[in-house]
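*Asks:* Just need the whole structure built from these sequences, with the hints factored in.
Residues 33 to 97 in this note's numbering are what the sequence shown spells out, letter by letter.
Mixed in with the good hints, there may be bad ones.
[To be verified] In silico BS3-like cross-links for lysine-lysine, where the CA-CA straight-line distance does not exceed 30 Å: (1) Lys80 / Lys93; (2) Lys54 / Lys80; (3) Lys80 / Lys91.
Note that these hints are calculated values from the structure, not bench results.
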Amino acid sequence: MSMSHFVENIGDEPLRFLELFKSPRYMDVSLAQWMALTPHELVQAHLKIDRGILDGLRKAKQPVV
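*Replies:* See below:
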């Protein structure tokens with residue numbers, strides 16, 4: 033079973049975060065990548081996001097380092 037989640041640093045200092053799962057394989061989904069690859073009209077209709085923001089999203093996943 034998968035559970036969607038995110039981590040947000042609300043402090044003023046860099047956040048170091050280590051997440052561990054007991055699973056034989058790793059998978060993740062980038063929300064930004066999903067929005068960039070989904071037809072913009074569909075995303076705009078459901079999320080009310082400006083077209084300019086959608087046009088600026090990267091289609092390739094940007095890893096978090």
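*Asks:* Give a verdict on every hint.
*Replies:* Structure-based check of all given hints:
1. The straight-line distance between the Cα atoms of lysine 80 and lysine 93 is roughly 23 Å, inside the 30 Å bound, and the hint therefore holds.
2. Of the pairs offered as hints, the one joining lysine 54 and lysine 80 is violated, with about 37 Å between alpha carbons and a cut-off of 30 Å exceeded.
3. A distance of roughly 20 Å separates the Cα atoms of lysine 80 and lysine 91; the hinted pair therefore holds under the 30 Å criterion.
When the structure is compared with the earlier hints, a violation turns up for hint 2 alone.
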